[in-house]
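**Student:** Count along the sequence shown starting at 1, add 5, and that's the number in my numbering.
Check before you lean on any hint, since a few could be wrong.
[What the hints assert, rightly or not] Label-pair ranges, simulated between beta-carbon atoms:
#1 Tyr103 <-> Gly23: 33 to 43 Å
#2 Tyr103 <-> Gly57: 36 to 46 Å
#3 Glu19 <-> Glu61: 15 to 25 Å
#4 Ile59 <-> Gly119: 16 to 26 Å
#5 Glu19 <-> Glu42: 16 to 26 Å
#6 Gly101 <-> Glu19: 19 to 29 Å
#7 Glu15 <-> Gly101: 33 to 43 Å
#8 Ser17 <-> Gly101: 33 to 43 Å
Hints are computed from structural coordinates only; laboratory data are not their basis. Given the structure is predicted, the values throughout are model-derived calculations rather than measurements. Just so it is clear, CB atoms sit at the ideal spot from N, CA and C, and this is done for glycine as well.
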Amino acid sequence: MTNTAIEGGETSLEEMLGEIELGIYAANMFGGQTVLENFSFSSAYAYMIRDGEIAEMVKDVILAGNLFTTLQNIDAVGNDFHWCDTAGRCGKGQGGLYTAEGAPHIRIQDVIVGGK
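Work out the full structure, taking the sequences as your base and the hints as a guide.
**Tutor:** This is the structure:
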């Protein structure tokens, strides 16, 4: 896999946040893995969302779950698509391909959140 992107949608970030009573805003991928249909993803940083507003920062946020179930739980796609400006690598062991990824903000209902 070299490049991965999620096409932009029609919802603004403000609209997405405004409808969340309690949630997590996970930003910038720090790393991730897949095993068959399951995934885990570490965010570089994250914040609590309280009553539609970004609140205090939280540490070590990991999102995990079944890939197909989680994709079905996406209920809003942002209108703010952008390519990430840092290159990652995809591969195992000594090998690996440089990768790029891009996406708008997305809102996922019912995802497993872990960390400290």
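**Student:** Enumerate the violated hints, using their earlier numbering and listing them in ascending order.
**Tutor:** Numbers 5 and 6, in rising order.
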